[in-house]
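Visitor: Input sequences plus hints: build the corresponding full structure.
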Amino acid sequence: MLGTILFYTFSVLTVGSAILTITRRNVVMSAVWLIASLLGVAGLFLLQGAEFLFVAQLILYIGGVVLLILIALMLVSAQQPTETKRFRKGWPLVLAVGLLLGGELIFVFTRAALPAATAAAQVSGANTESVADTLFAHYLAAFEVASVILLVAIIGAVVMGQRREEHQA
Amino acid sequence: MITPGPIHYLVVSALLLVTGTLGVLLRRNLIVILMSIELILNSVNINLVVFSHLHSQENGQAFALMVMAVAVSEAAVGLALLIALYRNRGTILADELDLLKW
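If you read the protein sequences in the order shown, they are chains B and F. Counting from 1, position 69 in the first sequence corresponds to residue 166 in the working numbering; the numbering is continuous, with no gaps. Counting from 1, position 4 in the second sequence corresponds to residue 6 in the working numbering; the numbering is continuous, with no gaps.
Calculated from the structure, these hints are not laboratory results. Ideal Cβ placement from N, Cα and C applies to all residues, glycine included. Take every hint as true, because none was put in to throw you off.
Covered by chain F, according to a simulated footprint, are these stretches of chain B (three or more residues, beta-carbon under 8 Å):
{"hint": "1", "region": "98–110"}
{"hint": "2", "region": "121–134"}
{"hint": "3", "region": "184–196"}
{"hint": "4", "region": "203–213"}
{"hint": "5", "region": "224–238"}
Computed Cβ-Cβ distance ranges for the label pairs, DEER-style:
{"hint": "6", "chain 1": "F", "residue 1": "N90", "chain 2": "B", "residue 2": "A213", "range": "54 to 62 Å"}
{"hint": "7", "chain 1": "B", "residue 1": "V255", "chain 2": "F", "residue 2": "I4", "range": "46 to 54 Å"}
{"hint": "8", "chain 1": "B", "residue 1": "I252", "chain 2": "F", "residue 2": "R89", "range": "15 to 23 Å"}
{"hint": "9", "chain 1": "F", "residue 1": "S58", "chain 2": "B", "residue 2": "N123", "range": "41 to 49 Å"}
{"hint": "10", "chain 1": "B", "residue 1": "G200", "chain 2": "F", "residue 2": "N61", "range": "26 to 34 Å"}
{"hint": "11", "chain 1": "F", "residue 1": "A96", "chain 2": "B", "residue 2": "I159", "range": "20 to 28 Å"}
{"hint": "12", "chain 1": "B", "residue 1": "F184", "chain 2": "F", "residue 2": "L102", "range": "21 to 29 Å"}
Here are some chain F residues pointing at chain B (derived, C-beta under 10 Å):
{"hint": "13", "residue": "T5"}
{"hint": "14", "residue": "L24"}
{"hint": "15", "residue": "G25"}
{"hint": "16", "residue": "L28"}
{"hint": "17", "residue": "V34"}
{"hint": "18", "residue": "N44"}
{"hint": "19", "residue": "S54"}
{"hint": "20", "residue": "H57"}
{"hint": "21", "residue": "G62"}
Guide: Below you can see the structure in the form of structure tokens.
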């Protein structure tokens, strides 16, 4: 019963905050609602027994990505004249197509015959332990490639972000 | 209230996906577009975790970790590009960046 209440709470938090994120006029308020939405997703992870991803979501997304967005916002948006129009031209058509897509997805999901749940083969230990076992036993190559991607992203961000004085005309 | 099964999580994920897609397509501010991309990647992660839980395997959670790593890289590079763009063009509104449009 508690799980049910928590599920609906986190779902409403996730989707409602996501809608507020894309509709706020003030970009800082969008970032704040993005935090609430990511918190809801973290709660859904916890309800599905993914404790490690719950903590990773809190630290990586809320501590890392949203903070980065807010810092970029300070560099860009302070000098920006206030946005008069939030949405692009022709937004009613886009909204209609988006709602059609949502309706279609929900229609398919509610009629889908999912395979029956598989019981756990053996009593596994803590979630963090089993995720680490899977990651390092089966996906070691992907793990290494992810570290290369992060390195490339660091170098790319530094190169893109630096000021080039000699090319100023 | 119905006890939530995997379908309920999938519906939440679909709603989050649609919200993120609408954010990418509708908004003019590039920072909000980046936030919407984060919402889309989160909806994918919900799906992966739900099926990982359904089948009592940790593979889906390992995939979700990979998605997170790529999402963080994307945010860092995207924001650096955005700052470079603002320095060169003086705007971050998507429909004013029409240099490549004919």
